[in-house]
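Dock chain one against chain two, each of which comes alone in its own frame, and use the hints as you go.
Taken in order, these protein sequences are the chains called A and B. Reminder that position 382 of the first sequence reads as 381 in numbering that gives the first Met the number 0, one-by-one numbering, no gaps. Reminder that position 115 of the second sequence reads as 114 in numbering that gives the first Met the number 0, one-by-one numbering, no gaps.
No lab work stands behind these hints: they were computed from the structure. Note that beta-carbon positions come from the ideal geometry of N, C-alpha and C, so glycine has one too. Fair warning: there could be bad hints in the mix.
What the hints assert, rightly or not - Label-pair distances were calculated between CB atoms; the ranges are:
#1 A:Ala126 to B:Pro39: 31 to 37 Å
#2 A:Ser247 to B:Pro39: 18 to 24 Å
#3 A:Pro71 to B:Gly120: 36 to 42 Å
#4 B:Ser117 to A:Pro225: 27 to 33 Å
If you want the building blocks of each chain, they are given just below.
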Amino acid sequence: MSNKIRVFVPRDSAALAVGADEVAQALQAAAGDAIELVRNGSRGLFWLEPLVEVQTPAGRVAYGPVNPEDVPGLLAAGLLQGGEHALRQGVTEQIPYLALQERLTFRRMGVTDPLSLADYEAHEGWAGLRRALAMDSAGIVHELTHSGLRGRGGAAFPAGIKWKTVAHARAAQKYIVCNADEGDSGTYSDRMTMEGDPYVLIEGMTIAALAVGATQGYIYVRSEYPHAVATLNEALARAKAAGFIGDSVLGSGHAFHLHVRMGAGAYVCGEETALLESLEGRRGIVRAKPPLPALKGLFGQPTVINNVITFASAPIILARGAQFYRDYGVGRSHGTLPFQLAGNIRHGGLVEKAFGLTLRELVYGFGGGTASGRPIKAIQVGGPLGAYVPEDKWDVPLDYEAYAAFGGVVGHGGIVVHDDTANLARLARYAMDFCALESCGKCTPCRIGSTRGVEVIDRITAGGPQQPQQVKLLRDLCDTMLHGSLCAMGGMTPYPVLSALNHYPQDFGLAVPDVPVTQATQAA
Amino acid sequence: MSTPHASDSAAPPDAAEPTAAPKAVLQAVQQALDELAHLPGALLPILHALQDRLGYVPEAGVPLVAEALNLSRAEVHGVISYYHHFRSSPPGRHVVQVCRAESCQSRGAEALWAHACSRLGCADSDHGATNADASVTLLPVYCLGLCASSPAIAVDERVHARVSLQRFDHLVAPLQTQEA
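Excised from the complex, chain B in its bound form (with noise of 0.2 Å):
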């Protein structure tokens, strides 16, 4: 492998400096490498850590923790970039996961996810889509797990398996009215 790069000598010339980050970002930026930067192979719970408390892995955190690990921005963007859980942009209020992996397939999990994205107003994109009202991200999960109860979604981090048109509708109701 190739020894590691100083943090700068890999940054693409229009990247954002830290100092614009905004202060919330280098908070939760500072607080999982104190928590977390000491493990072995720190990047990928440090990046969780970051989504779990902000939604996303700003663009704007890239340098400090390629700073603290030893690694090159261009590093940590392509780890940011090759999992299909991180994000780098903030999703909408609610997540809405739909399984369209084979088992939901058997079960009308195309039709759920056609459905989907025209009930919440979301785009048929292979890598998710946010509604105009930024209330829901749908995106597109292969599988979870609850394959003898097909077909499955998950709200948020709630799951709900044997999922028909109607239920589908009576779970995502309550996303686009309220606020927040």
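Isolated chain A, as found in the complex (with noise of 0.2 Å):
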């Protein structure tokens, strides 16, 4: 190695988005041969962004928010010797938002350079997958089920019965498809992962081929996600040129042949059955289950799918032991989830925590309250089919069968923070909006029923006599949506909607109740 000093600048979208490149391109300029510049994945604390790292003897040092003109007086004040400045945030580790994190998943993130093999295998890469190659496939699918891991994508079915399930199918071939059309508003550890630690997913991906018999896997990424697409290609190039997968997985005689594909804007196709239609060649129209895509999946073959941060998980679980990952959790919701801090909030960011924390503890605790300085009125928790949680749910553990009990979701983690100027009856009719612009239109109650409840939520806005009526139709027409629909698209539009009728009445030009809704009347 050189001595050169080692500074890094994120590569992360959202790292870009706010100017990154910019960053790289001045510190090259101005420090020239004395740094050795890593475009790594972020460490998932966005306000901060662009983070520019600098290697010290210490650890790394922090400095952010870094503007293009701050470089100059950065340099000036020793940012090669971890400096003193008004942007130094200490070491990186230290930040007590990243120190009280418990990081399995993302314990890699913002440390590495995503498409370094070797930044990989240094920082436990491939251990899971080497494990898993030394044990038959029920052997994984026990570690697997044993961990408690369920499905991360908000559904949270068990991962071990599925994989158990495709391993006795019998077929000539078999499927893994991982889902990465993350189209939920407030989500974005999906990305996060493919494009700052793109190798965890592949070798996820190759232990579940290894535990069911798959050699064809398929990521189905959303075409929103350009550079998470070019990152995932790069890498499966890498690893596949390294023999991580490809004809011969490590040697095996295990072939493990993966592929990118990329959706075309079209947020149904996170629904599983959608998303097979689509990397078929057809309509993302949801299917009737059964037949389980377990059974019958992509190209009528037994299949895995399962969502990135499911697959990402695997690695930790077989590297380390399903007891080690079992024990992070409450109840029946075992291990971490990366919760992501989104919206109208002042550290927005991503936090993996294990289950059990609350919502308070996450939106003031890690978030430190509004971006705006104004008081939190609604959050909405899990992506855009959750309920808006009203406050006197803050602290009602995270765990899905807590979340569950109220008529809540914690669904993909996703957390939108909304100010006291939000309109709950405009984000209700919104919610109602959007299911009918992106409705795959096969079955009823979510193809019609969504635009009869824009229709109905302007009826109740408008006042009038005929108000309390408008408001029976909303619950009954909610009511239908919620037991008639195929699948969560219509199923669980209600939850947002009913959840805002129901805790902020007065957005609606509704009397406030002088009792609190009993939780009967509550969505689901």
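What follows is the structure, encoded as structure tokens:
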């Protein structure tokens, strides 16, 4: 190694979107041969992006948010030695926002160069795959089942059971499909993983392939993520050249061929059967289940289809053992979830923590309240199909069952904060409107119900003597969508709508009830 | 599922004949088919390749794609029209996407969208619109995955976050002055 000083400037989209490339160029131009510039992933402290880090004897020291104009001043202040400056955030690992996290799936995020195989290997990379190669199919499935890992895409189905079903299915060809159609507003952990630690996804999918006997895999990435697609393609090429995937995984004789496919802007393709239709080259129309994709999935063959974070959790489970992972979390929610703080929040970013912490701890403790400085009015948890959680639920522990008990959804861990200028009737109308725009059209409650929902909400907010009748109509409509839709698109759009109606009636021009809304009248 | 039809059986009566297609379109289609038609589920990759090369998926290319994949024209047309990403006519010289999803709404995306429409001279449409001099196509987008730094936009392939109205003006200023 040379004695150049290592300087890190992230290449994550969210860093590029606030000028990381310009900062990198300014540093390279000003410091020239004195530095080795590394384009790492993002640490996920997005209010500090572009976050520049410098390797010092005391550890990596962080500066942020850095603008290109700050570079000369930073260098003059001794940036390369970790010198004092107004933008200095201290030793990165000691920043409380990071130090208080439990990063398992995201333990390499922002630390390494995403495309460096040497970096990946030096940070526990491929350890899970190597252990899996020494086990039989049942052994791998047992580890995953015992870890308690549940589908991180939102449905929270036990991953081990899904893998076991595919492993036991008899077919000449089986598939591994990664659902990377991360369309939910307020979520970006899949994008970060694909851009910032792509090999962990490749390793996780390869472990799945060994577990079930699949030789072909697809990563279906939404078209809104061109950077993720580019990074994945490069990572796949390098992993294949190095023998981690391809005709013989690490010389084991097991073949696994992995491909990236791009979606085309259809939100409903995040639903697994619509995604499979799209991969097969058709309109992304939801399929009726059964048959389950585990038995008749891609091209009619047994298919493991999981979210990015589910696959990305498999390597550490295999590397450190199921019990290690299982010991994190509460109740039946084992392990960690990468929560994503978004929207009107002061310190927006990725917080990986064991299940069981509260929304209040997340949005105030980590998030520091709103970016606008105004009071928080509502927090939508679990994406556009998740409920708006009112303040009296902010101390409920975040686990799948505790949230389901009050009609909430943990989902993919997206948390969107709204301040007191938000109008919840407007957001409820948006939820119905979005459903109308994105409905695949296969089932009537979703296709027609969403359009009627927009109209009914408009009549409610218009006021007048018809209002009570229209409120009842909206509740009836939501009930039909909830119970009669084929998938979560129509089936969960009532969650944000009814939670807005129940907890923020004043925004609909309705009288505030004297007694709190009882659980029986809430969504699901 | 139904068996694939002969490619001409589902053609609308007034469909353009393949021979009417400009040479560039035919070349792009042939190249995409040569490179991608062998893939399982090849239709989306082929349509992406066409749009990447031509900026849109020309109607004139549909019969060729249908023929090569043993699909009806209606099936290919159905896929193109189903996905928001694919467009059947050329966009403006630049494409500006403004995120209108919840996270960006919480940081003023609706005001930003209204500002974008008037600043760029594009009609306020849920399906997007191109301005009079065809310099810019403005499109709504539902999440760019930059939700911790809302509001977010994309100008052609570049993403931008924490976009104030002033920053928006700064970012789009070069688009309307430069040619192509």
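Comparing the hints with the structure gives:
no. : hint                             : result
1   : A:Ala126 to B:Pro39: 31 to 37 Å  : holds, 32 Å
2   : A:Ser247 to B:Pro39: 18 to 24 Å  : holds, 22 Å
3   : A:Pro71 to B:Gly120: 36 to 42 Å  : holds, 39 Å
4   : B:Ser117 to A:Pro225: 27 to 33 Å : holds, 28 Å
Of the numbered hints given earlier, the model fails none.
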